[in-house]
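Asker: This is what each chain is made of:
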Amino acid sequence: MHPDSEDVQKSVRSYMIVFAMLMVFTLVTVGVARLSFAVPVAIAVALIIAAMKGAMVAGVFMHLSHEKRWVYGTLVLTVVFFAALLLLPVITSLDSLATGNPWVR
Amino acid sequence: MNIPYTVEARPDSGLANGKLGIWLFLASEVMLFGALFSTYILLRVGADTWPHGELSVPLGAVNTIILIGSSVTMVMAWASLKMNNWGRHRMFLALTFLLALVFLVNKYFEYEEHLLAGEGPNHNTFLAIYYTLTGLHGLHIVGGMIVMGYFLGPGAGLWKRNPAQFTNRIEYTGLYWHFVDLVWIFLFPVLYLL
Numbered sequence: 000m001h002p003d004s005e006d007v008q009k010s011v012r013s014y015m016i017v018f019a020m021l022m023v024f025t026l027v028t029v030g031v032a033r034l035s036f037a038v039p040v041a042i043a044v045a046l047i048i049a050a051m052k053g054a055m056v057a058g059v060f061m062h063l064s065h066e067k068r069w070v071y072g073t074l075v076l077t078v079v080f081f082a083a084l085l086l087l088p089v090i091t092s093l094d095s096l097a098t099g100n101p102w103v104r
Numbered sequence: 000m001n002i003p004y005t006v007e008a009r010p011d012s013g014l015a016n017g018k019l020g021i022w023l024f025l026a027s028e029v030m031l032f033g034a035l036f037s038t039y040i041l042l043r044v045g046a047d048t049w050p051h052g053e054l055s056v057p058l059g060a061v062n063t064i065i066l067i068g069s070s071v072t073m074v075m076a077w078a079s080l081k082m083n084n085w086g087r088h089r090m091f092l093a094l095t096f097l098l099a100l101v102f103l104v105n106k107y108f109e110y111e112e113h114l115l116a117g118e119g120p121n122h123n124t125f126l127a128i129y130y131t132l133t134g135l136h137g138l139h140i141v142g143g144m145i146v147m148g149y150f151l152g153p154g155a156g157l158w159k160r161n162p163a164q165f166t167n168r169i170e171y172t173g174l175y176w177h178f179v180d181l182v183w184i185f186l187f188p189v190l191y192l193l
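Going down the list, the protein sequences come from chains A and B. Numbering that gives the first Met the number 0 applies: residue 0 is where the first sequence begins, and numbers increase by one. Numbering that gives the first Met the number 0 applies: residue 0 is where the second sequence begins, and numbers increase by one.
The reader is advised that the hints may include incorrect statements.
[Claimed, not checked] Listed below are the simulated DMTMM-like cross-link pairs for lysine to aspartate or glutamate, each with C-alpha atoms no more than 25 Å apart in a straight line:
1) A:9 <-> A:66
2) A:9 <-> B:7
3) A:67 <-> A:3
4) B:159 <-> A:6
5) A:67 <-> B:11
6) B:106 <-> A:66
7) A:67 <-> B:111
8) B:106 <-> B:28
9) B:159 <-> B:7
10) A:67 <-> B:7
11) A:67 <-> A:5
12) B:106 <-> B:118
13) B:159 <-> A:5
Hint data in this document are derived by calculation from the structure and do not stem from the laboratory.
Assemble the whole structure, with the sequences as input and the hints as a guide.
Answerer: This is the structure we're talking about:
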């Protein structure tokens, strides 16, 4: 056995717990979608649950909870650019609405 | 010629080259899918009406469960190598491959149903972005299956020659696979439920 095999055995337990939680969250996502929430609330709830599931996959399965600084650095840059990418549609829609905006002719 | 730092960590980054490489690749993948998610938002915000309930939620939910299951079997394939259990590793990797195949079969039936009803990508804006996002995601599934197939077949010999390097390669394959799962975790509510 590898010297770190005991640590891995402990991790296996957390993989199983996360697996069970992901299953529960998937069912909750479907269940919440069946409730007739207002669209903005439904979108917010679905995306919050998806973000929680994503965090579990990244943190536990991808071992992001204990990674090296270079990996975190790469991801921080990615998050910044990703946020900018998602903001583009917002900026675009603001442009089309901005009748009083001197920048838009 | 030996490529350095395939197993041992580089002194500057504290990571093996392959690990930093796969994370940089995944960063580029985030931007690729991010651009398409951004497109989705732009199209949805700009649309007067948006179709709802066009896709089968049970099928999407089953595929979500399949893909989450495959993430678990993938991480178990890596953990089995760490515990020096080759047999279990093979079983879990083969199971991951199989689950990926089941996911694609489900996707095929879903596509077929829509295409036979004349609902191709040119049917409406929703289906255009649906086929683009799920098609690209499906290609990533196929890519993962090719890599897994390699490690189940011709690439498996590395375990005997250099077990640490093989374990690292499985870890990188796993990181890619979990990312593919992660993308689907967001695709499912965005396309099927909202």
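Asker: Work down the list of hints and note, for each, if the structure agrees.
Answerer: Outcome of the hint check:
1. A:9 <-> A:66: 17 Å, holds
2. A:9 <-> B:7: 24 Å, holds
3. A:67 <-> A:3: 17 Å, holds
4. B:159 <-> A:6: Judged against 25 Å, a Cα distance of about 23 Å means the pair holds.
5. A:67 <-> B:11: 11 Å, holds
6. B:106 <-> A:66: Not OK: residue 106 of chain B and residue 66 of chain A at ~34 Å, beyond 25 Å, violated.
7. A:67 <-> B:111: At roughly 45 Å apart (the allowed maximum being 25 Å), residue 111 of chain B and residue 67 of chain A break the hint.
8. B:106 <-> B:28: Satisfied, since the Cα-Cα distance of roughly 21 Å is no more than 25 Å.
9. B:159 <-> B:7: 18 Å, holds
10. A:67 <-> B:7: 14 Å, holds
11. A:67 <-> A:5: 21 Å, holds
12. B:106 <-> B:118: Satisfied, since the Cα-Cα distance of roughly 15 Å is no more than 25 Å.
13. B:159 <-> A:5: 22 Å, holds
Consistency with the previously given hints fails for numbers 6, 7, ordered from lowest to highest.
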